[in-house]
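A.B. asks: Each chain, written out:
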Amino acid sequence: MDLSILLGAWVAAGLTLFIFSFLYKDNFFFKLGEHLYIGVSVGYSITLLIFKFMRPKWFTPLFGEHQWILLIPTLLGILILTRFIPRLSWPSRLTFAFIFGFGAGLTIPRSISGYILQQIQGTVIPMITKEGTQISYTFRDFSNLLVFIGVLTVLIYFFFSVEHKGAINILSRIGILFLMISFGASFGYTAMARMSLLFGRCYDLTLFSSKRYYYATPILLCLIILCFLIHHVLSKKHSV
Amino acid sequence: MLFLKRYLPLVICGFTGVVFGIQYYVPHKASEDLLTFINDWMIIIFGFSMILALASLFHVHYQKIRRRQSGWGFSLIVFIAIIVTVIIGIISQGETVDEKGLTSFGWIYTNMLVPLSGTMFSILAFFIASAAFRAFRARTLDAFLLLFAAIIIMFGRVPAGEYLWSKIWGAEFPLQMGDITEWIMGVLNMAARRGILLGVALGAIATSLKIIFGIERAYLGEKE
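If you read the protein sequences in the order shown, they are chains A and B.
Note that this note's numbering numbers the first sequence so that position 57 is 43, with each residue one more than the last.
Count along the second sequence starting at 1, add 54, and that's the number in this note's numbering.
To be clear, the hints were calculated from the coordinates, so they are not data collected in a lab.
Owing to the predicted nature of the structure, the values given are computational and were not obtained by experimental measurement.
Worth double-checking, as some hints may not be accurate.
Stated by the list, open to error - Covered stretches of chain B (in silico footprint by chain A; criterion: 3 or more residues with CB under 8 Å from a CB of chain A, positions within the stretch not fixed):
#	stretch
1	57 to 63
2	94 to 101
3	121 to 135
4	141 to 153
5	156 to 166
6	218 to 228
7	246 to 256
To be verified - Far from chain B by the CB rule (all over 12 Å, computed), these chain A residues:
#	residue
8	E149
9	K151
10	K222
Beta carbons are placed, not taken as given, at the ideal position from N, Cα and C, and that holds for glycine.
Construct the entire structure; sequences and hints are all you get.
C.D. replies: Here is the structure:
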């Protein structure tokens, strides 16, 4: 087997076990894995930023193709760095104003068309089935009615400009029931997504336990347990 | 000076806000090109803002090392990991794969970043389960509905749930576990989410208008 694949398996198994060791308690191995995670992910982001964004969008067009118009975003970018000097930080406001103006301008039409209109379009749909002159009521129509009631009552629950009394209170209570089901469903969905990740990591650990990878998982696991035992014995001796 | 410090940012914000609010409704190539062009500007500005974020991160960890605070060795590991990853990334030209296969940078991604991030998020499964065990008590109707929906969705998303359901009711039963899960997600859950999304969209529009008209100035570091 290629040495880099073998080394990769050992490193991946080791780092996985380091993080899983937190289930026992907060310890040296977990902290090592945690800080490595921060360092590697920051380093990875910096590299991607340089090679996938800054080089093709800024460095090459500005210095290679002399697109001098790019001096404007360069200047705006440099102005952000004035934040390092609190007394002279006001020019960074110009950049923030540009970013926020751009973001706010984009948000308004996209929220209207992408959220409000599309969501209303999906809610206000036929609640009875009509085929020719025959009118029927199917389970799908019942579901459409439930969606309509759900959206309306949830909106009423979030409408705080009127006091929640009488009919409004009843409707907002129905809205709460819909919200509770939604929160429960979201919880279940998230929990299962995490479980799926957990199965993935367990699958890798099992894979690296094989002879093909020179029993990486059991050996590393034994070493970690041994370290815990030694630490436990030494700390007991110290306390005595 | 007051104009530069206070009014010019508001003018820039209002102008860009109005221009890009209108841009969406102008179905012309020049309008689309303008959006793409300014999007590239945003990437450049974001690149510079990363310097600010990195400086903040380096400052925190440098102070820990300098003062020899507890766990300063881990801060050193953060520095080493960043530097090594960036150097290897530069050598690999930011590519994870080349004609020979995985690059050194790709090796770091596959064997370090993926296992670390996967495991870090997967241990949340244990904490979610333990928190749910302690918090989920069906004392009221609201709590019962939350618990019920969570259990149905969790069972419906694993083969074991389907298997148990078919064992109890039989494989020919017209209503299967997957159908119930889909109905809860697609009808009851969607209705509530739609209500929330509509509220969020209205809130986003209101906030955007306040920013464009200079009523909301928190981004300038002002309270009013």
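A.B. asks: Against this structure, judge whether each hint is valid.
C.D. replies: Taking the hints in turn, this is what the structure says about them:
1. Counting residues of the stretch 57 to 63 of chain B whose beta carbon lies closer than 8 Å to any beta carbon of chain A gives 4, which reaches the threshold of three, so the coverage claim holds.
2. For the stretch 94 to 101 of chain B, the proposed coverage by chain A is satisfied: 8 residues have a C-beta within less than 8 Å of a C-beta in that chain, meeting the threshold of three.
3. With 8 residues having a Cβ less than 8 Å from any Cβ of chain A, the stretch 121 to 135 of chain B passes the three-residue criterion, so the hint holds.
4. Only when three residues or more bring their CB closer than 8 Å to a CB of chain A does the claim for the stretch 141 to 153 of chain B stand; here the count is 5, and the claim holds.
5. Given as covered by chain A, the stretch 156 to 166 of chain B passes the check, having 8 residues with a CB less than 8 Å from a CB of that chain where 3 are the minimum.
6. Counting residues of the stretch 218 to 228 of chain B whose beta carbon lies closer than 8 Å to any beta carbon of chain A gives 0, which falls below the threshold of three, so the coverage claim is violated.
7. Given as covered by chain A, the stretch 246 to 256 of chain B passes the check, having 11 residues with a CB less than 8 Å from a CB of that chain where 3 are the minimum.
8. Against the 12 Å criterion, A/E149 stays outside the reach of chain B, whose nearest CB is about 19 Å from its own CB.
9. Even its closest Cβ contact with chain B, about 20 Å, leaves A/K151 beyond 12 Å, as expected for a residue assigned away from the interface.
10. Residue placement check: A/K222 keeps its beta carbon more than 12 Å from all beta carbons of chain B (closest about 21 Å).
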